[in-house]
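Since the structure of chain W is provided, determine the placement of chain A on it from the hints.
Chains as they are written, first to last, in this note's numbering: chain W, 1 to 754; chain A, 1 to 121.
Hint data in this document are derived by calculation from the structure and do not stem from the laboratory. On a predicted model such as this, the values are computed, not experimentally measured, just so you know. Be careful, since some hints might not be right.
As the list claims (entries may be wrong) - Chain A side only, calculated, beta carbon under 7 Å to chain W, not exhaustive:
#, residue
1, Asp10
2, Ser89
3, Lys105
4, Pro106
5, Ala110
6, Gly121
What the hints assert, rightly or not - For each label pair, taking beta carbons as the anchor points, the in silico distance ranges come out as:
#, chain 1, residue 1, chain 2, residue 2, range
7, A, Gly121, W, Phe697, 23 to 29 Å
8, W, Glu694, A, Ala110, 17 to 23 Å
9, W, Lys522, A, Ala110, 21 to 27 Å
10, A, Lys23, W, Arg688, 38 to 44 Å
11, A, Val45, W, Ser644, 53 to 59 Å
12, A, Met1, W, Lys434, 34 to 40 Å
13, W, Lys705, A, Gly121, 18 to 24 Å
14, A, Ala110, W, Lys434, 30 to 36 Å
15, W, Ile704, A, Met1, 31 to 37 Å
16, W, Asp520, A, Gly121, 37 to 43 Å
17, W, Asp520, A, Lys23, 51 to 57 Å
18, A, Val45, W, Leu396, 38 to 44 Å
19, A, Gly121, W, Pro478, 36 to 42 Å
20, W, Pro478, A, Ala110, 51 to 57 Å
Said to hold, decoys possible - With a straight-line cut-off of 30 Å between C-alpha atoms, the simulated DSSO-like cross-links for lysine-lysine are:
#, chain 1, residue 1, chain 2, residue 2
21, A, Lys62, A, Lys11
22, A, Lys62, W, Lys656
23, W, Lys460, A, Lys95
24, W, Lys735, A, Lys11
25, W, Lys656, A, Lys100
26, W, Lys735, A, Lys100
27, A, Lys23, W, Lys434
28, W, Lys701, A, Lys115
29, A, Lys100, W, Lys705
30, W, Lys388, W, Lys635
31, A, Lys62, W, Lys434
32, A, Lys25, W, Lys635
33, W, Lys663, A, Lys40
34, W, Lys434, A, Lys115
35, A, Lys95, W, Lys706
36, W, Lys735, A, Lys115
37, A, Lys23, A, Lys40
38, A, Lys100, W, Lys706
39, W, Lys705, A, Lys95
40, W, Lys609, W, Lys565
Note that the Cβ used here is the ideal one computed from N, Cα and C, for glycine as well.
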Amino acid sequence: MEKELTIKILSSEDTLRVTISEMLKQTARSFSTEYFDDVSSLLSSINADTEVIVIVDCVTSHLNWKEILYSLEGHNYNLYIIIILSESNREETGKILEAGAYDVVTDSTLIAIGRSITRLIPFLDDRKKLKNLSHEKYLTDHIVNNSRSMISIINSNYQYEKVNKTFCLNHNSPTDEFVGKTLEDVWGRENFRSHIKKHIDTCFTGKVVYYQAFFKTPAWGRRYYEVIFKPITDDKGSVSHVLAETYDVTDLKLREQAVSEIEWEYSNLETNLPIGFFRSDITGKLLHVNKAFLRIMEMDVETEANGKSISNFYYEKELFHHHLKTIKEDGLASYSNVSLLSARGREVFCRISAFVVRDGSGNIIYIDGAIEDYTREVELEKQLLQSKKLDTIGLLAGGIAHDFNTILTTIYGYSELSLEGLEANTEAYSNIRKIVQAVGRARDLTNQILTFSRQVGQQKINVRVADIIMETTSYMRPIIPEGIVLSEEIKNPEIYVSADPTQLYRVFLNLIKNAVEAIDDKNGRINVSLDVCAADQFKSVSDSIMPLKEYAAIRFSDDGQGMDKSMTERIFEPFFSANKGGKGTGLGLSVVYGIISEIDGEINVKSKKGEGTTIEIFIPVSEKTDIISDVTVPKVNILIVPASDNETKVISIALKNSGYNVKCTDPSGNWLKNTADADVIIVVDNLRDTNTSEIAFELEKNNIKKHLLLISDFDSWMAEEKNLPSNSMRTNLFKPVSLKEIIFSLDSLLNKRS
Amino acid sequence: MSGVLIVEDDKPLRDLLRDALEKRKYTVITAADGREAINKFRPSVVDLVITDLLMPEEDGLKVIMHIKEVSPDTKIIAISGGGKAGPGSYLSIAKALGAKYTYSKPFSPAELIQKVRELLG
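With the rest of the complex left out, here is chain W (with noise of 0.2 Å):
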């Protein structure tokens, strides 16, 4: 027969009684209930000898479970009191079960109160053997029992002998579940063979074992424990059994580990944000610096800043002083747009912020800082400004440079009518040919503008770049000082890029020719390369803008003059020379910067200051295909004159990709042969040994009736073709010359033809 359990709760709300009981109800055990409102009406009805199950409800019945636990100490060592509390503590918990409780449940699991119950009822039938032994055992027992530790004794065949109460509680069983069961049965056989087993070896060998390791228990799930194991001996001395006492220690290892993570994760934070921080003492010497401020600052290991003051990184030492008063005084400051210095000389934007450390009595102890690098961001909006502000003079002067060429067209037709009626030697004759000069100037100069402000178009064919550089460096090198040497390095020569090879090589020529005022009459050194390299080799550029693909990347390097940094930043505007003396128009540069921005190419300036510069043209490489001819494109046999001229190969070669039949000849000996098979003559004036004039002459003289193209400068075709008798056969175009011209030029006089 079991005895019946007597069930007091302490509880005002009826609720939580009737909820309470609906619980009990299902343990399989028989009991009955009281119901009590204050503690000294529980106290009254409680006999010394009586086992008593006692549920306190701290919820509503507002008692403190300190009080309660107190009031019922001593009382009776038969008393087994549940708290129901609001909440989940683990703390709080652990607080009460120190203090005496048997249990803790809170009220939105009181259906843990059924399973607290049942747990304890194993308990109360061992009781009953306990009451014949003596009380000092009893005492014994009671402590080992509420101990915190699960204790247990292991004999030598891995069986238990003996576990205490909360052995049995975190395993959710009854002590007869466990003796005389083995630690394989419990634990497991994998756990037992690999983990547990060596250390009660070395426990039955005499030495104390201590370990801490992960534990599953059917009670709190996965729980850390600190295990150790004491050997027990017998009367001869040798180790019978291993006593296992086990700690909870599962809160403290997740709070090591917590701790340990939010380290972890600021140390990475401080080695990987772009962010550089410092600590400094409080002259700005530093004392600590992180990853960060090592790379802003260019230097490869911290014990190179450490010493090292701040001061050494400012341009302008003032402004640190400045800084470092202002810190001091204000406790914190923010700076932006700060200008410093790394430590190989580069010159970094950054935003400085910085705050003082104090002690105890408040003096400053430290400074603490942190610097932001922005010198890719300003250098990217300098970028922008930069070729906005081209942009909007290109729009300006494109405008201006249009209504110019009407006005000129006015003062060149007055001109004309006046020359009209004229004698050649008389005054007013060479005054209006002065006119009709400045005029051929002015038209070069609103071309200029014109290809400048990207007004023009381009007729974009497939060329070898490394067959314009070399015509253009083939014509200059005759015509340069003797002091400068001019040498080309073609490291990749099949790159193909789509333009305009008339274009190219007028920006080929202007780009050497300004080396050459750079280097000013002195000895020197030019040297044009020619490589492929990916968009990203370019730093100073920023990859977002530019798509990732192969460019061509000429280089032209000399060592002249150099510039400053101001000067590289404006070089590309209309009208600013470099050049003392103001040689040229102050648009060669310009005129580059209009052709490459049409053909999607970016230019980069690198220049020092008695160093030298180096411009690098950067063009989209183009499928190799020999030719892109228009479908449209007439076979037409051009014949073109001189042959041995580096503008006129250019112009054949750019013929040629564009589908003509191009033959080219010299205008000696019976060269007039060479004529019979061609559609069209197209002849360079070149001011040598080629005048267009002459050869138009000849050409009519012989009675070859064929199409004409001549290129001269405006001023020689004012001054003699203009005197050519009329033919509809001949058309006139000005240096310089576009294939877009030449094109639109050969299709206008064929069409006459057809």
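Structure of chain A alone, referenced to chain W:
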């Protein structure tokens, strides 16, 4: 004598072309923009049109299209000072629309008048 319509928004240039043509005994009509040109154009009096391309109101291309529609035989010469896409592009379009000759400013008015004589015989 043949009649020439000059369409040009710049008055000095318009006057120059008129002076030069009248000197050679052509009958000259002038217009300062495309709309005026379309209003003034009469095939019975105009044998040749010299037109600028970039003008206020209707542009030169509109003028060429109108003339080619109402009088396909009228000869056209187009002149341009260069615009956003370059003089070549506008002149190419003018040519495709039927302009016989095209000139990019600054050009030689004397040469242009030679072409007028060539076209009008």
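Going down the list of hints, with the structure as the test:
Given hint, Asp10/A at the interface with chain W, holds; its Cβ is 5 Å from that chain's nearest Cβ, closer than 7 Å. At its closest, the beta carbon of Ser89/A sits 6 Å from a beta carbon of chain W; the interface hint therefore holds under the 7 Å criterion. With a least beta-carbon distance of about 4 Å to chain W, the hint placing Lys105/A at the interface is held under the 7 Å criterion. Restraint check, Pro106/A versus chain W: the minimum CB separation of about 4 Å is within 7 Å; hint holds.
Taken as an interface hint, Ala110/A checks out: its beta carbon lies about 5 Å from the nearest beta carbon of chain W, inside 7 Å. For the restraint placing Gly121/A at the interface with chain W, the shortest Cβ-Cβ distance is roughly 12 Å, beyond the 7 Å limit, so the hint is violated. The hinted window of 23 to 29 Å between Gly121/A and Phe697/W holds, with their beta carbons roughly 27 Å apart. Roughly 22 Å separates the CB atoms of Glu694/W and Ala110/A, a value that falls within the hinted 17 to 23 Å.
About 48 Å separates the C-beta atoms of Lys522/W and Ala110/A, a value inconsistent with the hinted range of 21 to 27 Å. Taken as a hint, the range 38 to 44 Å holds for the pair Lys23/A and Arg688/W, whose Cβ atoms sit roughly 39 Å apart. Against the hinted window of 53 to 59 Å, the Cβ-Cβ separation of Val45/A and Ser644/W comes to about 54 Å, which satisfies the hint. The supplied range of 34 to 40 Å is met by Met1/A and Lys434/W, whose beta-carbon atoms lie about 36 Å from each other.
Taking the beta carbon of each, Lys705/W and Gly121/A are about 20 Å apart, inside 18 to 24 Å as hinted. Remark: the range hint 30 to 36 Å for Ala110/A to Lys434/W is contradicted by a beta-carbon distance near 18 Å. Distance hint for Ile704/W and Met1/A: a CB-CB separation of about 36 Å, consistent with the stated range 31 to 37 Å. As the Cβ distance of Asp520/W to Gly121/A is approximately 60 Å, the hint placing it in 37 to 43 Å is violated.
Take Asp520/W and Lys23/A: their Cβ atoms lie about 52 Å apart, and the range 51 to 57 Å holds. For the pair Val45/A and Leu396/W, the supplied restraint of 38 to 44 Å holds, since their beta-carbon distance comes to about 41 Å. At roughly 51 Å, the beta-carbon separation of Gly121/A and Pro478/W lies outside the given 36 to 42 Å, and the hint is violated. Roughly 38 Å separates the CB atoms of Pro478/W and Ala110/A, a value that falls outside the hinted 51 to 57 Å.
Straight-line distance between C-alpha atoms of Lys62/A and Lys11/A comes to about 20 Å, which keeps the hinted pair within the 30 Å bound. Pair hint Lys62/A plus Lys656/W does not hold up; C-alpha atoms about 36 Å apart against a cutoff of 30 Å. With a CA separation close to 21 Å, the supplied pair Lys460/W and Lys95/A stays within the 30 Å bound. Between Lys735/W and Lys11/A, the direct Cα distance comes to roughly 29 Å. Compliance with the 30 Å bound is thereby established for this hinted pair.
With a C-alpha separation of about 27 Å, the suggested pairing of Lys656/W with Lys100/A holds against the 30 Å cut-off. Our distance criterion of 30 Å between C-alpha atoms is met by Lys735/W and Lys100/A, whose separation comes to about 24 Å. Pair hint Lys23/A plus Lys434/W holds up; C-alpha atoms about 25 Å apart against a cutoff of 30 Å. The suggested pairing of Lys701/W with Lys115/A holds, with an alpha-carbon distance near 23 Å, which does not exceed 30 Å.
A threshold of 30 Å between alpha carbons decides the hint, and for Lys100/A with Lys705/W the separation of about 21 Å falls inside it, so the pair holds. A C-alpha spacing of about 44 Å is found between Lys388/W and Lys635/W, which places the hinted pair above 30 Å, so the restraint is violated. The straight-line distance between the Cα atoms of Lys62/A and Lys434/W is roughly 39 Å, outside the 30 Å bound, and the hint therefore fails. With a CA separation close to 43 Å, the supplied pair Lys25/A and Lys635/W exceeds the 30 Å bound.
A threshold of 30 Å between alpha carbons decides the hint, and for Lys663/W with Lys40/A the separation of about 49 Å lies outside it, so the pair is violated. At most 30 Å may separate the alpha-carbon atoms for a hinted pair to count; Lys434/W and Lys115/A meet this at roughly 26 Å. Our distance criterion of 30 Å between C-alpha atoms is met by Lys95/A and Lys706/W, whose separation comes to about 22 Å. About 22 Å separates the Cα atoms of Lys735/W and Lys115/A, which keeps this hinted pair within 30 Å; it holds.
Between Lys23/A and Lys40/A the alpha-carbon distance is near 22 Å, which keeps this suggested pair within the 30 Å criterion. The straight-line distance between the Cα atoms of Lys100/A and Lys706/W is roughly 20 Å, inside the 30 Å bound, and the hint therefore holds. At most 30 Å may separate the alpha-carbon atoms for a hinted pair to count; Lys705/W and Lys95/A meet this at roughly 25 Å. With a C-alpha separation of about 8 Å, the suggested pair Lys609/W and Lys565/W falls inside the 30 Å cut-off, and the hint holds.
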